Amino acid sequence: MTNSDMKTESPHEAAGEPLVRIRDLVYHRGERTIFDGINIDIERGKLTAIMGPSGTGKTTLLRLIGGQLRPDTGTVHVDDQPVSELGYGPLYELRKRMGMLFQNGALLTDLNVFDNVAFPLREHTQLNETMVRDLVLMKLHSVGLRGARDLMPSELSGGMARRVALARAIALDPMMIMYDEPFTGQDPISMGVLVSLLRTLTDALGLTSVVVSHDVQESLSIADYVYVISAGKVVEHGTPDDLRQSKSDWVQQFIQGKSDGPVPFHFPATDYAADLFGGNN
Amino acid sequence: MLNQLQKLGATTLGIAERLGRGHLFLWHVLSGFPALLPRFGLVISQLYSVGVLSLLIIAVAGLFVGMVLALQGYYTLVDFGATESLGVLVALSLVRELGPVVGGLLFAGRAGSALTAEIGLMKATEQLSAMEMMAVDPLHRVVAPRFMAGILAMPLLAAIFSALGVIGGYFVAVGLLGVDEGAFWSQMQAKVDLYEDILNGVIKSIVFGFVVTWIAVFEGYDAVPTSEGVSRATTNTVVHGSLAVLGLDFILTALMFD
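Respectively, the protein sequence lines represent chains A and B.
Residues in the first sequence are numbered from 1 upward in steps of one, following this note's numbering.
Residues in the second sequence are numbered from 1001 upward in steps of one, following this note's numbering.
Isolated chain A, as found in the complex (with noise of 0.2 Å):
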């Protein structure tokens, strides 16, 4: 299916309201066009990757739908909420059901990780300090960084930043959760970790995740379903198996990695030879 296709009808019309409805959107850097009128459904409890090759704007629609950007036209509804259009107050009530996992976790660096897990429940709720001692402990000892309580975030590898961000942002037990990149630079160890980790928390906690990542075989493992952005568009979406039967070329070079297909190895340039003999630069 392409994008023209999900302009009448979207993916997940038939199974239910999805929890983020993103429709035309249009969203424009400067002079560069970053979405040129793309339809994306999220479904409800669901894992949904969105992938697509770097620099293609995959953080930038992350920001759109937690309000931080607003688009130049179409709408960003978060469970029934238009996001562009809500004021100061409705945004920040509704982030507060909505966590993001950053791509280098984020942690605030004057704070350990216990108190970095504490932040949004010490800043949210008015909870005693036991009880806050036993959600922090709780929700480290998911991602198995109870013992790594004490440290301090520069003591810590990428991959267990990450997993102490991913604690912070289920802190307040969130209906969706939004990975920006979360297996880039990782050791085989750590990404097998955090994979098993966002399938793990998305069936138990019941969670909607967004996860936007270009490690293809990752995100295909643990994937309900997948949106493939290139060039401002969707070019596919389907579920895992779906986008390995593609037919299209470029899928098939995105997901198998080939270094060259419809995305050409070279930047286009001047004939090469013309180029080696012309001269100037």
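Derived from the structure by calculation, the hints contain no laboratory data.
Hints are all accurate, no fakes.
Using 20 Å as the maximum straight-line C-alpha spacing, the simulated EDC-like pairs for lysine to aspartate or glutamate come out as follows:
(1) A:LYS96 with A:GLU85
(2) A:LYS96 with B:ASP1137
(3) A:LYS233 with A:ASP72
(4) A:LYS233 with A:ASP24
(5) A:LYS46 with A:ASP79
(6) A:LYS96 with B:GLU1126
Non-contacting residues of chain A with respect to chain B, defined by C-beta distances greater than 12 Å in every case (computed):
(7) GLY45
(8) PHE114
(9) GLY144
(10) GLU155
(11) LEU197
(12) ASP242
(13) SER259
Partial list, derived from the structure: chain A residues whose beta carbon lies under 8 Å from chain B:
(14) GLY66
(15) GLN68
(16) TYR92
(17) ARG95
(18) LYS96
(19) MET98
(20) MET100
(21) PHE102
(22) ASN104
(23) ALA106
(24) LEU108
(25) THR109
(26) PRO120
(27) GLU123
(28) HIS124
Everything numeric in this text was worked out from a predicted model, so none of it was measured.
Every residue, glycine too, gets a C-beta built ideally from N, C-alpha and C.
Start from chain A and add chain B according to the hints.
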């Protein structure tokens, strides 16, 4: 020619836009002040990093400035046989001008640059974005306590600067140069006015604290989130903060002591 005009127009628009953003930023930060009162611990911890950690440089600078003032003043006053007025000269110079101004310049260099770098790096490492996504407003949670701490710390630092300057001046005047101790203190007591001199100095230091901290936190928050961007923002804080202190000092002096 047209190109030059276009550049001039673009630069002017850029400055106007940044000024506008700076004022909106200020309004948003100030609106977070009431919420800080029940959580004053946040301000206290920032008072430590903004104020206490600036103490050493302020104290040492104050001491030496007072000592130099006494030396230079003595060489001038001795020709007129008026060395008993050395205490007044030292105290008035410090309380009216050097305490707030040199204190403000040091504050911009020590605390202002640290604030900008800290907030800029928090932005570069997405900590501010993460707070936004946790429904915690970074302007209220991160910037407002630092802003309030800066406004509170600056008059205290300027007072300490002036007090240690007077002590430094005393050691040089009485201890080294043999000025009469009684004359040194009594003339100072008689000639330094609580409202005209001390209060105006305090007002100056509050204004400098407000402006330098505003520049510092805004530069950090508005920094391009790269190492180069944070470095440039830190430099801007020191340069713009220092110029603001000097420029405002002239205006305030003209208004206060006419």
